[in-house]
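Chemist: Sequences listed follow chains A and B, in order.
Per the numbering used here, the first sequence runs over residues 1 to 217.
Per the numbering used here, the second sequence runs over residues 1 to 217.
To be clear, the hints were calculated from the coordinates, so they are not data collected in a lab.
Warning: the hint list may mix true and false statements.
Copies of the same chain are indistinguishable here, so a pair counts whether it falls within one copy or spans any two.
Stated by the list, open to error - Taking lysine to aspartate or glutamate and the DMTMM-like style, the derived pairs with C-alpha atoms no more than 25 angstroms apart in a straight line are:
| no. | residue 1 | residue 2 |
| --- | --- | --- |
| 1 | Lys21 | Glu137 |
| 2 | Lys207 | Asp56 |
| 3 | Lys34 | Glu215 |
| 4 | Lys16 | Asp191 |
| 5 | Lys28 | Glu110 |
| 6 | Lys117 | Asp100 |
Number of protein chains: 2
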Amino acid sequence: MFTNVLRYLEPEQLKKIEEIKFPVNFAKGETIFKQGAPLTHVIVINKGLLKVYLEDKELHSIIIRLIKSGEIVGGPGFHTDYRHHFSLTALEDTEAFFIDVMQFENCILENSTFAIKFIAYLNRGHIGLFNKLRVFEHKHMNGRMASTLLYLSEQIYEADEFETELSRQDIADMSAMTKESSIRIIKNFKDSSIIECNNNYFKLLNKEHLINIMENG
Amino acid sequence: MFTNVLRYLEPEQLKKIEEIKFPVNFAKGETIFKQGAPLTHVIVINKGLLKVYLEDKELHSIIIRLIKSGEIVGGPGFHTDYRHHFSLTALEDTEAFFIDVMQFENCILENSTFAIKFIAYLNRGHIGLFNKLRVFEHKHMNGRMASTLLYLSEQIYEADEFETELSRQDIADMSAMTKESSIRIIKNFKDSSIIECNNNYFKLLNKEHLINIMENG
DNA sequence: AAAAATTATTGACATATCTCAATATTTTTT
DNA sequence: AAAAAATATTGAGATATGTCAATAATTTTT
Chain A
1 MFTNVLRYLE PEQLKKIEEI KFPVNFAKGE TIFKQGAPLT HVIVINKGLL
51 KVYLEDKELH SIIIRLIKSG EIVGGPGFHT DYRHHFSLTA LEDTEAFFID
101 VMQFENCILE NSTFAIKFIA YLNRGHIGLF NKLRVFEHKH MNGRMASTLL
151 YLSEQIYEAD EFETELSRQD IADMSAMTKE SSIRIIKNFK DSSIIECNNN
201 YFKLLNKEHL INIMENG
Chain B
1 MFTNVLRYLE PEQLKKIEEI KFPVNFAKGE TIFKQGAPLT HVIVINKGLL
51 KVYLEDKELH SIIIRLIKSG EIVGGPGFHT DYRHHFSLTA LEDTEAFFID
101 VMQFENCILE NSTFAIKFIA YLNRGHIGLF NKLRVFEHKH MNGRMASTLL
151 YLSEQIYEAD EFETELSRQD IADMSAMTKE SSIRIIKNFK DSSIIECNNN
201 YFKLLNKEHL INIMENG
């Protein structure tokens, strides 16, 4: 049973999707698709954790968000240019199902309730991007890092302490700064007893303080 | 006749929308809606120019894009929280039509081709936001300003020279910098004969150079 | 037409953040 | 287990950009 927008499909549609979907596995570090590549399938993540990121001419990349198991990944190439506009890479070993994008389109055409639910899903993504833009533009580094740590704790690992596969560079790419800066700020937060951190282990000790830094600093 | 996504409606649907829509006029500087306010209507711009911007706790605002006549404005509050997630203000005197959002929803439910076209419209917006994020994050000020000037010339005024109602603060808010910085960079571009500029008159003299600045620095 | 208010411009200065380079640590490969 | 590679850490220095304050130019109001 799907936990994402596909759960709004009619039983016959669901059966059809179940029939045509096929599994693909990815090891940690492997890329599911690259920005610019053709968009041929919608992908459902059965297990794993992935990063969605924008690349530009330079080496630099911006991690927009992470994708957890259960989530569906389409992309704004759907019904525009049928290209991927971001890259998707596995942070942990990942099991994915591929669904032909034309079959997905049929579901929308045949089922207007599903179409509306899909629009709602797109809009939630849009709201997320607005928030990302706000955070990236208006906060100093401390605020951006606080925002990233709270995101990881609340949205991704759903715990105050967690062990992550994200590198310091990844954390920096989520926070719009260099890896050196991310390291320095994590150290500052540690020294101020706002967090505990050893290598890939993080524990948020003072969430109120982090929220305050995110909002005011 | 609509030039936006509404042109894909069936004749009877179009008739219905024409019946229920009502006009509202706004003077330069007036706000159509504010971020946080309830989303009750979809708006079609008949005449004018508007700025779409994000606000945050502080004074600061980020202009995401401009809206020209013919365009439709909904917002990601549709089928999520029914709130506006950005503010919309007239830069020029504006004529708008308001369409009840529930009637708009009916159009999607009744007409799956329209639903798909609306999804395509949302996705183009999503791609635009990705590009904005990329520009905001990776360019130095010169690159961001070049990007803004090219956007105004190519997407908005559709001419190499134009007279704008945008203030220096607006141009700064489109380019993720302070107004002082925007003034300094415009001056630099003038001194380098890349543009001509007197008050609100702009002329792009060397587009290739601007594109180069946008892409490489 | 004068006064007031807003917006634009310039300069001096402060500082947050990046860059680069050296070293340390951890992970992967042999 | 040793060697190699990748990632993380720290420090010193450079610089792009923001802040603040003073002045100039427009625009709006009276």
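Chemist: Taking the hints in turn, state whether each one holds.
Modeler: These are the hints, each one checked on the structure:
no.: 1; hint: Lys21 - Glu137; verdict: neither (40 angstroms within a copy, 37 angstroms between copies)
no.: 2; hint: Lys207 - Asp56; verdict: between (34 angstroms within a copy, 21 angstroms between copies)
no.: 3; hint: Lys34 - Glu215; verdict: between (34 angstroms within a copy, 20 angstroms between copies)
no.: 4; hint: Lys16 - Asp191; verdict: neither (55 angstroms within a copy, 64 angstroms between copies)
no.: 5; hint: Lys28 - Glu110; verdict: neither (37 angstroms within a copy, 44 angstroms between copies)
no.: 6; hint: Lys117 - Asp100; verdict: both (19 angstroms within a copy, 19 angstroms between copies)
Checked against the numbered hints listed earlier, the structure breaks hints 1, 4, 5; every other hint is satisfied.
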